[in-house]
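All chains, please: the whole structure from these sequences, using the hints.
Spelled out, the chains give:
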Amino acid sequence: MLTITGLIAVYSASFVIGLAEFGNPNYYIIRQLMWAGLGVVLLIGAVNTDYRRYRPLAVPFMAITIVMLVAVLAVGIDGGGAQRWLGVGAFTIQPAEFAKLTVCIYLAAWLAGNDSVSTWEHGLFPFILIISAVSLLIMLQPNLGTTLIILVITVTMFWVAGASVTQMAALAVTGIVAVSFLATVAGYRADRLTAFFHAEDDPAGNGFQTLQAVMAMGNGGIQGLGLGASRAKFFYVPESHTDGVFAIIGEELGLVCTLAVLLLYMILMVRGYQIASRCRDPFGRYMAAGITTWVTAQALLNIGGITRVIPLTGVPLPFISYGGNALAAVMLATGVLISISRYGNDRGGYMDRERTVVRRQPR
Amino acid sequence: MSRHRAPGTFRVWLPAAFLAAFAVLVCVQLVKVQVLDHDRYAAEARAVRRGNDTFYARRGSILDRNGNVLATSVDTWDIYVSPRAWKDAERAANASAVLAPLLKADPAKLRVTVQQSEGGDVLLKRDVDYETGRLILKAAIPGVIALANTARMTPEGDTGASVLGFIGQDNVGLAGIEAQYNDILQGKPGRAVYERDTTGEPIPFGQYIAIKPEAGKDLVLTIDRHLQALAEERLAQAMKDHRAQGGALIMMDPATGEILAMATSPGLRYSTLDLSDNKQIELLRNRAVTDLYEPGSVMKVITAAAAIDAGVVSPNTEYVDNGVTYIYDVPIRNWDNNVYGPQTMTGVLQNSINTGAVFMAQALGADLFHKYMDAFGFGRPTGIDLSGEASGIIRRPADRDWSPVDLATQSFGQSISVTPVQMLTAIAAAINGGNLVRPHLVKAYVGADGKREEVAPEIVSRAVSAQTSAAIRDMLFQVVNPGHAHPAQPKNYTAGGKSGTANVPIPNGYDDRQVASFVGFAPADDPKVLIMVKLDQNQDLMTGTQAAAPIFASLADEVLAYLNVRPDAPKYVVKP
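Protein sequence lines correspond, in order, to chains D and W. Quick note: the first sequence, position 353, residue 353 per our numbering, numbers continuous. Quick note: the second sequence, position 483, residue 483 per our numbering, numbers continuous.
Among the hints, erroneous ones may be present.
[Unchecked claim] Here are a few chain D residues that face chain W, going by a calculated C-beta distance under 8 Å: (1) V47; (2) N48; (3) T258; (4) L259; (5) A276; (6) R308; (7) P311.
[What the hints assert, rightly or not] Label pairs and their calculated CB-CB ranges: (8) P142/W x R53/D: 51 to 59 Å; (9) K32/W x R280/D: 41 to 49 Å; (10) W13/W x A170/D: 16 to 24 Å; (11) E90/W x A170/D: 54 to 62 Å; (12) V173/D x W13/W: 17 to 25 Å; (13) A42/W x A74/D: 33 to 41 Å.
[To be verified] From the structure, some residues in chain D lie toward chain W, with a derived Cβ separation under 7 Å: (14) I128; (15) I130; (16) V160; (17) N219; (18) L264; (19) A289; (20) T296; (21) T307; (22) V309.
These are calculated hints, taken from the structure and not from any lab test. Cβ atoms here follow ideal geometry from the backbone N, Cα and C, with glycine treated the same way.
Structure follows, in structure tokens:
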């Protein structure tokens with residue numbers, strides 16, 4: 001459902017830019033459709049694969065991820081002021097998107113095999129080490145948005161796995177210090193903060209994205225201007241088909257649709273955490289919690305940024321924004337989540353093939 | 001049924017609560033932005049995205065009375081470059097290399113001009129001719145924008161420039177006929193209001209409201225191209241011959257007030273027009289209607305017409321000139337300090353006797369004299385269709401600084417300031433049967449659809465009776481035909497006229513500088529043309545009769561021949 005909404009929205013939001021940059025209004029939508037097709041294949045594959053098979057693969061997955069993240073830094077392709085992609089011809093992948101999933105898998109495996117999460121020496125410190133390694137690699141691209149998501153995912157998983165309140169508090173303090181530091185060292189992040197607090201001071205420059213996005217949504221009103229009728233996508237809202245797609249949805253389809261999209265994410269969140277809480281297997285539970293947190297937190301970071309509730313972080317809107325890697329990764333993760341829902345309540349233990357749970361519709 | 005739950009099953013709902021709370025915040029913000037502040041944002045969005053273009057309508061042409069084009073608009077292009085497109089050095093180099101030869105400019109200079117701009121599109125050249133513009137468009141040079149414009153062409157060059165005036169870069173007339181009739185010539189400019197993207201291009205399917213331009217009308221002037229050129233040529237020659245600082249040469253149809261030619265100097269010339277030169281701003285006014293002078297003895301015609309019309313004298317009334325008349329203690333002498341003895345009123349005009357004019361004015365009395373001054377249109381604009389017309393200055397009996405001396409001096413054209421056109425119009429009334437007509441320059445409008453609207457000649461009021469007018473025509477014929485050769489006599493036509501030579505007034509007296517003029521008409525009993533020749537500050541100090549009258553004489557011959565008027569000089573009249 002979200003994916004279909006996303007495809008329509010991306011098409012509507014991107015044809016102007018596609019036309020302008022590549023002489024083809026369908027440029028973006030065709031690429032996005034290809035990735036969505038791949039995403040469906042990955043999703044169905046993941047649904048039909050018992051998630052428990054991933055557990056022994058957690059360490060190799062993590063190793064591959066780290067190698068790829070290092071490779072990005074070494075031989076990656078630049079784009080938008082950051083080095084985020086690994087490319088073979090026209091086909092590019094963004095390892096950071098898939099890193100979110102491998103982090104979920106690896107951390108779930110580690111937490112599930114760790115009986116002393118709530119201790120400092122066996123819980124917190126190793127945990128910090130693991131997430132710091134991945135975060136640092138992504139941070140170096142630089143990609144603050146994804147780093148933030150990974151931090152939120154991991155901290156949530158850590159909490160679900162039984163971290164103590166003291167540990168969480170320590171993490172919170174560290175996190176706040178780290179984020180404040182990171183936000184001020186890079187110029188563009190400081191700009192985003194300035195844009196958030198004082199957008200009106202520089203409406204044509206620094207505050208342009210923030211103001212135009214809010215203006216576009218405000219212009220949409222309750223009903224919206226009609227599908228395809230956006231004015232703001234004519235280069236007013238930057239990144240209108242990627243990070244800014246929510247603003248275009250708001251402008252074209254109005255409050256009705258923005259609330260509906262928000263509701264869809266909420267349903268996804270409830271279902272995801274439900275899967276996590278019903279899962280008998282700690283590995284599955286932690287992984288389900290991680291994936292759910294990932295999708296929901298990322299959606300809210302994006303929408304919050306666009307609606308000016310929080311500063312812009314530059315993360316795509318899951319399922320909806322243009323960006324093949326993100327779409328494929330999030331669909332794969334959804335497949336894993338459904339797989340957990342399917343196999344997590346199996347009473348028969350590891351690798352039980354008996355189907356006792358009604359197969360859920362892929363979302 | 002109790003089931004053991006592994007640790008963490010409840011813990012997952014804490015992050016869920018956090019996220020849900022955040023989602024609620026977002027909802028609140030969405031409602032605020034999309035519902036409560038909708039109107040404000042919608043208005044803001046409209047304002048930011050509103051584009052607005054003006055399309056000028058075709059500006060009407062200006063034609064002479066025979067349909068010859070004096071000024072017309074041709075399609076041109078204004079060439080702009082978007083600096084954004086030329087930010088890339090290589091692209092700018094390639095683009096300027098293609099553009100420069102078409103604009104006959106230096107590529108490097110073009111690049112500098114564009115790159116120095118901080119604002120929007122940079123205007124590189126205005127009014128590039130149509131064909132070149134087409135070539136530029138065809139070349140599709142990156143960043144180059146060609147906007148349609150029009151340029152004003154004057155096929156006759158500088159001829160009539162001071163009458164026509166000129167238009168500014170925004171197609172608005174700034175002087176002359178172009179300014180006076182701007183609304184009619186300009187038509188109604190069209191407008192397009194549309195939604196635009198950040199580069200200023202209209203958004204496809206965005207709101208688009210277009211108002212079509214309405215073409216302006218053509219103006220048919222009363223000016224005759226040939227006579228205008230002749231007038232300008234003769235004036236220039238006369239100024240040279242008599243070393244004059246300036247002058248005016250105006251031809252009018254006395255019956256209708258149509259101006260056939262109006263040359264003034266100094267005046268506007270397109271070929272040397274340079275608005276960055278402040279001194280040239282002076283040239284923009286048409287001195288025939290804006291500048292005042294004291295007419296001198298030409299005014300005696302009006303004094304005589306008034307006195308005869310009022311019945312206080314007839315052309316044959318006699319009086320004795322003693323060479324001087326005292327008003328209280330102020331002596332009024334003749335211009336040549338001559339004593340003429342017994343004279344008729346016709347003789348007063350022939351010899352231009354100041355005391356004779358005073359005699360007539362005193363016979364009228366100040367009130368009646370000024371009633372006639374009003375009737376002849378002095379002290380107020382004639383209503384000619386040129387902007388900036390002066391009213392003239394005339395001191396009246398009711399004025400605080402009025403003195404009986406003023407009546408005396410006004411009778412022979414001092415203590416009264418007039419414009420050349422005003423004086424000419426008054427003389428026209430004296431000789432055309434007595435009608436004060438409105439001098440005018442526009443004969444007809446021709447719409448874009450070819451429909452022609454004539455401008456009817458306008459009679460403002462009746463100044464004197466037809467009989468008076470006939471008497472004045474005869475008296476002025478006598479001036480030009482005093483029984484011996486006179487410089488104002490045309491070869492082939494009978495004529496009448498009066499000269500005037502007046503010093504230039506300065507505060508508390510008069511300067512040595514003078515204005516020499518002659519106003520004449522021909523043929524004498526059915527005037528087809530009334531001509532004023534006026535020379536300002538001629539350094540040879542010749543009088544109006546000496547300097548201006550011969551110019552009138554030769555012009556009368558040429559103009560009437562051109563107008564196909566049958567010669568009526570005595571040698572052509574078959575005696576019965």
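Here's how the hints hold up against the structure:
1. V47: Since chain W brings no Cβ nearer than about 21 Å to V47/D, farther than 8 Å, the hint is violated.
2. N48: Violated. Min distance 25 Å.
3. T258: holds, 5 Å
4. L259: OK, holds: L259/D within 8 Å of chain W, min 7 Å.
5. A276: Cβ of A276/D sits 5 Å from chain W, so the hint holds.
6. R308: Holds. Min distance 7 Å.
7. P311: violated, 14 Å
8. P142/W x R53/D: 51 to 59 Å: Since the Cβ atoms of P142/W and R53/D sit about 56 Å apart, the hinted range of 51 to 59 Å holds.
9. K32/W x R280/D: 41 to 49 Å: Since the Cβ atoms of K32/W and R280/D sit about 44 Å apart, the hinted range of 41 to 49 Å holds.
10. W13/W x A170/D: 16 to 24 Å: Distance hint for W13/W, A170/D holds at roughly 22 Å.
11. E90/W x A170/D: 54 to 62 Å: holds, 56 Å
12. V173/D x W13/W: 17 to 25 Å: holds, 24 Å
13. A42/W x A74/D: 33 to 41 Å: violated, 49 Å
14. I128: At about 19 Å, which exceeds the 7 Å cut-off, the nearest Cβ of chain W leaves the hint on I128/D violated.
15. I130: Where the cut-off is 7 Å and the nearest Cβ of chain W is about 18 Å from I130/D, the hint is violated.
16. V160: Holds: closest Cβ of chain W sits about 5 Å from V160/D, inside 7 Å.
17. N219: holds, 4 Å
18. L264: violated, 11 Å
19. A289: Interface hint status for A289/D: holds (5 Å vs cutoff 7 Å).
20. T296: With a minimum Cβ separation of about 5 Å from chain W (threshold 7 Å), the hint on T296/D holds.
21. T307: holds, 5 Å
22. V309: Interface hint status for V309/D: holds (5 Å vs cutoff 7 Å).
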